[in-house]
Structure formats: structure tokens, C-alpha cells
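Chemist: For the record, the sequence lines run as chains A and B.
Each residue of the first sequence is one higher than the one before, starting from 7 at the first, in our numbering.
Each residue of the second sequence is one higher than the one before, starting from 0 at the first, in our numbering.
Be aware that one or more of the hints could be misleading.
[Claimed, not checked] In the DSSO-like style, the derived pairs of lysine-lysine whose C-alpha atoms are separated by at most 30 Å in a straight line are:
| # | chain 1 | residue 1 | chain 2 | residue 2 |
| --- | --- | --- | --- | --- |
| 1 | B | Lys-54 | B | Lys-77 |
| 2 | A | Lys-19 | A | Lys-63 |
| 3 | B | Lys-72 | B | Lys-54 |
| 4 | B | Lys-95 | B | Lys-54 |
| 5 | B | Lys-77 | B | Lys-95 |
| 6 | B | Lys-69 | A | Lys-63 |
| 7 | B | Lys-72 | B | Lys-95 |
| 8 | B | Lys-95 | B | Lys-69 |
| 9 | B | Lys-54 | B | Lys-69 |
| 10 | B | Lys-95 | A | Lys-63 |
| 11 | B | Lys-72 | A | Lys-63 |
| 12 | A | Lys-63 | B | Lys-54 |
It should be emphasised that the hints constitute simulated quantities derived from the structure, not laboratory data.
Residue-level listing of the chains:
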Amino acid sequence: KAGVTQTPRYLIKTRGQQVTLSCSPISGHRSVSWYQQTPGQGLQFLFEYFSETQRNKGNFPGRFSGRQFSNSRSEMNVSTLELGDSALYLCASSLAGEAIYEQYFGPGTRLTVT
Amino acid sequence: AQTVTQSQPEMSVQEAETVTLSCTYDTSESNYYLFWYKQPPSRQMILVIRQEAYKQQNATENRFSVNFQKAAKSFSLKISDSQLGDTAMYFCAFMKPNTGNQFYFGTGTSLTVIP
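Excised from the complex, chain A in its bound form (with noise of 0.2 Å):
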């Protein structure tokens, strides 16, 4: 079974511009999270969608936004691109809506904003 994939793998944009960061889930899974990994702040959680409905939502400003589609991958956007967004984007998919169900992450968006 293919794992968790995440397009594209690196990025490079300038100050202003905006984002779109793709995660395709594990086949069958329907829950999708988002997190910004940074070396300072660790891992932090950006959203989590369940049969395209957002359940969950982080602290990050309305610039952080994304959606899943019924076939459960999801997008995250990120308008209005600062120096301080440049972090490891990673998703992760699960079975079901609880942790219980192991959740797999993907490699990762590695954003950079110069």
C-alpha cells in the first residue's frame, strides 16, 4: 500500500506570494492533519479534516487555510507569504477520526520564503 505522499517536496517563494501544498492520504484513510515543523517551535498543528469537513483548527492566522476533497487528499494554502513561514510542512492521514487508529505521515514540504 503507498504511503503517504506530499507535492511538492521543496519550495522556494519570495515574501507575499502565496502557497499551495498537496497531501495525498493512505488509500482508505479519511482523516488528514497539517503541521508546521520548525526547529525552534517543534511540530504545531494546523488543522485537521474528516470527509472534507475542518474539525479542528490550530492557532495560526486566517493566511493558513486548506480543504480536503472526496477522495480525501487535501490542500493547505498560505497567502501572504513571511520570512517566518519558511518551515517542514508535513500531513499525516489516519483510518478513521481517532488517534487510536495510527496516524502516518508524509515526508514533507520543505517551504522556503526569502
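Use these hints to put chain B onto chain A, whose structure you have.
Modeler: Relative to the frame of chain A, chain B by itself:
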């Protein structure tokens, strides 16, 4: 809000030796889950071990075991017979049920296994 603290940014251990990684958390909840995740260099994060707070018995997975002290809000990871492949960042994480898979992660401990 829940907080997870890993007070050891970096650790090292000799191959075949035992090492313990510390994690403390703060919560007012009585029912929750705790996890240790491993992130090898340039590789995907994987689950090492998980613990349900209502279970008193400490979880074990082969060479990995935890010391869960609920009253002290402590959740340490013990790695026995350390192997070179154990070199990785280790993250402690907390999750409340029915919160849409919202995990709270610590800042991680970078473990290096020395041959």
C-alpha cells in the same frame, strides 16, 4: 491548553546501551493518549509507541518501553540495546480524544547512537 515539554534537546548513547528520553506534559484532562514518534534524518516520522492514560500498565514495543507516571504527568521513553538505526529526532506527543486528531508535540530530542 495542553503543553508538552522535552527538556533534553540532544542526547547520545553508545551502541547496545540503554537510554531514557524524558517528557512531561500539562493537562487537566483525565482521559488522553500519549505517543512517542521517531523522525530519522531526512525520513518520514513514524510511531514508536503509544499509551492510553486509563491504562496503568506501561506500554512496550520490543526494545522500546515507556515509564508512564500519570500523577507526575511524566512519560519517558526507554530504548534498550540501542542500535545505529535509532539515531533520530524523538517527539513526545499528547492527544485528547474527540478533538479531531489535534496532537500537541514537544520540541523533540535529537538522539545519536555512537558506534
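Chemist: Starting from the hint list further up, note which numbers the structure goes against and sort them upward.
Modeler: Going through the list in order, the structure violates no hint and respects every one.
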